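There are 4 protein chains.
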Amino acid sequence: MPGNTFGHSFRVTTWGESHGPAIGVVIDGCPSRLPLNADFIQAALDKRRPGKGGAAETTRKEPDRVEILSGVFEGLTTGTPISLVIYNKDAKSSSYDALKDVFRPGHGDMTYLAKYGIRDHRGGGRASGRETAARVAAGAVAQLVLNTAGIEVIAHTVCLGGIRAKEMNEQAIENNRLFCADAEAAVQMEELIASVRSEGDSLGGIVEILAKNVPAGLGEPVFDKLDADLAKALMSIGAVKAVEIGAGMQAAFLRGSENNDAIGPGGFLSNNAGGILAGISNGDEIVCRVAVKPIPSISLVQQTVNTEGEPVTVRIGGRHDASAIPRIVPVCQAMVRLVLADHLLRQKAVNP
Amino acid sequence: MPGNTFGHSFRVTTWGESHGPAIGVVIDGCPSRLPLNADFIQAALDKRRPGKGGAAETTRKEPDRVEILSGVFEGLTTGTPISLVIYNKDAKSSSYDALKDVFRPGHGDMTYLAKYGIRDHRGGGRASGRETAARVAAGAVAQLVLNTAGIEVIAHTVCLGGIRAKEMNEQAIENNRLFCADAEAAVQMEELIASVRSEGDSLGGIVEILAKNVPAGLGEPVFDKLDADLAKALMSIGAVKAVEIGAGMQAAFLRGSENNDAIGPGGFLSNNAGGILAGISNGDEIVCRVAVKPIPSISLVQQTVNTEGEPVTVRIGGRHDASAIPRIVPVCQAMVRLVLADHLLRQKAVNP
Amino acid sequence: MPGNTFGHSFRVTTWGESHGPAIGVVIDGCPSRLPLNADFIQAALDKRRPGKGGAAETTRKEPDRVEILSGVFEGLTTGTPISLVIYNKDAKSSSYDALKDVFRPGHGDMTYLAKYGIRDHRGGGRASGRETAARVAAGAVAQLVLNTAGIEVIAHTVCLGGIRAKEMNEQAIENNRLFCADAEAAVQMEELIASVRSEGDSLGGIVEILAKNVPAGLGEPVFDKLDADLAKALMSIGAVKAVEIGAGMQAAFLRGSENNDAIGPGGFLSNNAGGILAGISNGDEIVCRVAVKPIPSISLVQQTVNTEGEPVTVRIGGRHDASAIPRIVPVCQAMVRLVLADHLLRQKAVNP
Amino acid sequence: MPGNTFGHSFRVTTWGESHGPAIGVVIDGCPSRLPLNADFIQAALDKRRPGKGGAAETTRKEPDRVEILSGVFEGLTTGTPISLVIYNKDAKSSSYDALKDVFRPGHGDMTYLAKYGIRDHRGGGRASGRETAARVAAGAVAQLVLNTAGIEVIAHTVCLGGIRAKEMNEQAIENNRLFCADAEAAVQMEELIASVRSEGDSLGGIVEILAKNVPAGLGEPVFDKLDADLAKALMSIGAVKAVEIGAGMQAAFLRGSENNDAIGPGGFLSNNAGGILAGISNGDEIVCRVAVKPIPSISLVQQTVNTEGEPVTVRIGGRHDASAIPRIVPVCQAMVRLVLADHLLRQKAVNP
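Top line first, the protein sequences correspond to chains A, B, C and D. Take 790 as the starting number for the first sequence in this note's numbering and just add one per residue. Take 790 as the starting number for the second sequence in this note's numbering and just add one per residue. Take 790 as the starting number for the third sequence in this note's numbering and just add one per residue. Take 790 as the starting number for the fourth sequence in this note's numbering and just add one per residue.
If you are wondering where the hints come from, they were derived from the structure by calculation, not from laboratory data. Warning: the hint list may mix true and false statements.
For chains that are exact copies, the list does not tell them apart, and a pair is met inside one copy or across any two.
[What the hints assert, rightly or not] Once the Cα atoms are required to be at most 20 angstroms apart in a straight line, the calculated SDA-like pairs of lysine to any residue come out as:
1) Lys-1001 / Glu-963
2) Lys-1001 / Ala-903
3) Lys-1137 / Gly-906
4) Lys-955 / Ala-827
5) Lys-1137 / Arg-822
6) Lys-1001 / Glu-856
7) Lys-889 / Leu-1089
8) Lys-889 / Leu-865
What you are looking at is a predicted structure, and each value in this text was computed from that prediction instead of being measured.
Let the sequences and hints guide you as you build the complete structure.
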């Protein structure tokens, strides 16, 4: 079975290559009679769009205009598949010709060729981060479903290049390009990005995603646990190398008496569980974190091989993002939205 | 859609409660003509069985005798579903009566009730770690599929209660109850377990899973990436709170020039990717790590509520494991086997 | 992907061979808190059991005692998988040795071998009609789900060996072994069966399945239409060669003005649609019919080949059913129950 | 789970409404390195296009220009999703305003409203036959997969309005608008269509689909039998009310000695099985037939109700097809192609 579909009751299928004619997504299973128009989705897309300024931006100005091709009638969803398309307008394929026969370190060039025996080398093809625009668009639709239950999903940068956010000021998140809840840390992060970029190198970071007002009872044991599906959703983002729920890696170092969340009449007294017990939401805030690796496209010289297996060096030209973080934060948010919308609808069949 | 099935081409469905008549698994999609008998599966089960001695064991001696009820004819798989059953023989349900109306901290008592409006309180019911015996049995069958490609999966404890294994001696893994590749560290870990157990508390740890000889090309972009499916598989184990691939969390702190794995004519010169690029295996060793939380059943007094929402204290009697690690290592191994067997078969349809 | 699972929200996986240790089914997705015990399922199984007398019976007395191994606690479903097992007790495998190397005409001997490269020749192995006992058991559980909506499913024989039922007296259905709503026709059918059986031959027939009180709105366009899923479910029964909905084949010969069901304030004035329009239930009675081929195991001499491809003749010994009808009627009923339970639960997610 | 996806290894998701901006399909799982361009798909679409002349045609001239938006690179499939779009250009929505509040007999107007609480009334919305253009496009891609195994799928009209084709001349099929293998019968059928159309009425018919060179071994017991999936695929076409395999309904009237296909050293001596035994292809020709109901849109006065449940009469204006047959034949062919491509790829994982 191929792998471009996510979810069961709320189900999205993305398609498209970085330098093909378009990218898009089909959303099947969106409940009917929800208000939806292209502007609403566009607003979500604009958040992840590069070109908002700042040192991490690429020069490619993606217009990313989303169009709704089906599933909406007179401003309301109809219950039929919602097809969204974003045409690729500003794609200079020729600039990738030099890399046609070279496996760029840290990229999927080699693995796509191993898998399919052919690859669209232009801008990463299907493996491009551009694919995630379709996820963000679908995530906006998923949020409509979450709205029916009052669920809110927040994603923010908690660490970039080793610089940690020291406070969680929700208002600050939207006020800086890095989606950092600590305005001061955001400034330091930008300085580091600028510095590292000038060296031709790149930086990783950590993103935290919170979901509020998730009702208890979401998640399907034993394999489709809510945390298992969140882990899959988040790890399916290209640059993510680790996923934590609640206390995460730290849980390995705690004792039971420390890690267990005591319960009072008003609810849990701590949240090491990250809002999930035995794979099912417990009514507390859902807390996930992901480690994002540094962008592999750097302008420093790297050792690699070509498609013939011969050793070559590569220096990836052009102006690249020094960190994937600004673009990945909305994608993390979108993936958590997709998981929650799916499980919210799945729960309807469990306890009708 | 319910959640007790894992995999697409190699597909397992587990069933059963801790104190019900039996637990089991149906494996659908196992290729035909592979040699299989109950002893082979039993050997895998015996590895996870408690009662091998050591300070972490529980007193419940689970016989865990697996029977093959279908799918095998004259010692060979037939391509039809393989049904495995393990009857529950030594289950004293009455000892759980005291906890019938209490939500044990760190357990799924509350969430199962929220989800289903009913729960089998005996020994955790479906949320019991006992369910994982079915996964281990299925994992043994998955290994038969992996054998056809020469793939080997190793799981070992790299950290327990803060004590880290300092060497990776594969031979040592099977020689201690903790599956630790550092015999000396294993002794220290056992001492810590004994000490913590006497305090009525419990310990978490970190398990690493390695897969060798995985051919390049496994994994289905963009959602069913190999690392995404590994993350889901591992996070679906009850006590796991974090999953890392390759450099994992550490990747967030590296620069691109450090994190990128350079490639030489003989292969990758490092393995921060953990054997996976753009969601597809790259031919290098697959490396995953999981954080295991401390067992929530501790004999210290804990604050919680009962099913009426009234505050109560609970002290979980009986002799409990002080660490889930010894039992979880084979489960981690089994889940990675399931993912790889599934993707090995899925790849047949991609590039036939 | 293997094929032993049916349904999405209400999902059954059957397993087992005719002469293996047992057959069974895992039902995943049954809502919680429905009353269930083994006797209820046993009653459904007893309906399909041979040995109720009459000329069509086989001599094999299958005890078919079903056991519930999981998913039920204190008489109520828990929302976790329900595992049902029926041990094979009276299976004389040796009587099949003579057929080990022969492809019986009309059976799957040749195709299983072509597909899997191995086959369990004993009694048809997985292709045996015995597998359908698991479906009937699952169908009983599905009926519990249908009860929550007041849906009733009736299956009856409308034609056997060319003899047609001329009236539809629901009370008569349970009063004869052939599930025929026309008591008089049932007598004639039995006489024909006896006669044909003495000739060593067998008979086909037509079964009709009706579903009452199905609410409008079930069925998922465009591929998982309610009639499409019914067609698949019914065609998945071994002996079925045709499926009709409503007017069925006859619709090909009607004009639009005849075939269209006019609508009055009280509902549809006719039911050529069979209760389904555009793949969605319309609130009227669901009407399906299936053509059942004559049982291929006959004691007349037949021309065939052996596994070496050499021509041989075969005469299938033993006493066989002269018609599959009595056993297939409850299976048809069960499959329609499975489809409706699945779509009833699926609809919960569509219009929550 | 929503229902707009078909297949597992070769998986298509269609989307779009009759009078929305566009319709389309995403094909996931197409093997890589198959030659594909828009002209190839266009040729398949042109076959189903109305406006080829003849009495059954509608006046709406659908341009149906298909565009490939992804999954193809330098003329070859890449293994990534193939997105196809057909923009709706000639859609006069206003002509449907009169029917906005009326349930047309034989259409899904009432059932879509019952299911979703909203409906796009323009031209049938999602329930329009226009949706099937996406299936035909996907079917063309499926044929590429079948080509790798030499499989050919032929669909032809065997009966229309009671007039039966009396010969099977494959060459004739493409030479008349009705895809009839009997040129003489085709003329009679056209005359009948013209006559019935002038009366404002419509006609049903029977389509036969044959698949040649299908290797033995395709089909997944027990639920995803090849015939079960064919039945679902064909019944999912809006106007289809019955599906037969091989002898079909007639099998109910045969004796075992007549219906069994004897086997000689050169293969089967007859084909009542329709090329499928126990749900698995037996190497013989696959034979299916479907009953197509008369088009419900007729210009005769019909009795119905409006959305308020009040009785009204309706006379569906405009020039309508008098028979769905010419448009449905390529859709039947497409659906059989989809099923076979899916099972061909699924078999790769069974017996690798």
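Now the hints, each set against the structure:
1. Lys-1001 / Glu-963: within (17 angstroms within a copy, 44 angstroms between copies)
2. Lys-1001 / Ala-903: between (42 angstroms within a copy, 17 angstroms between copies)
3. Lys-1137 / Gly-906: between (43 angstroms within a copy, 13 angstroms between copies)
4. Lys-955 / Ala-827: neither (36 angstroms within a copy, 55 angstroms between copies)
5. Lys-1137 / Arg-822: For Lys-1137 and Arg-822, the Cα distance is within 20 angstroms both inside one copy (17 angstroms) and across copies (15 angstroms).
6. Lys-1001 / Glu-856: neither (30 angstroms within a copy, 42 angstroms between copies)
7. Lys-889 / Leu-1089: Within one copy, since 18 angstroms is at most 20 angstroms while 62 angstroms is not.
8. Lys-889 / Leu-865: The answer is between: 16 angstroms across copies meets 20 angstroms, while 45 angstroms in one copy does not.
Consistency note: the structure conflicts with the earlier hints numbered 4 and 6.
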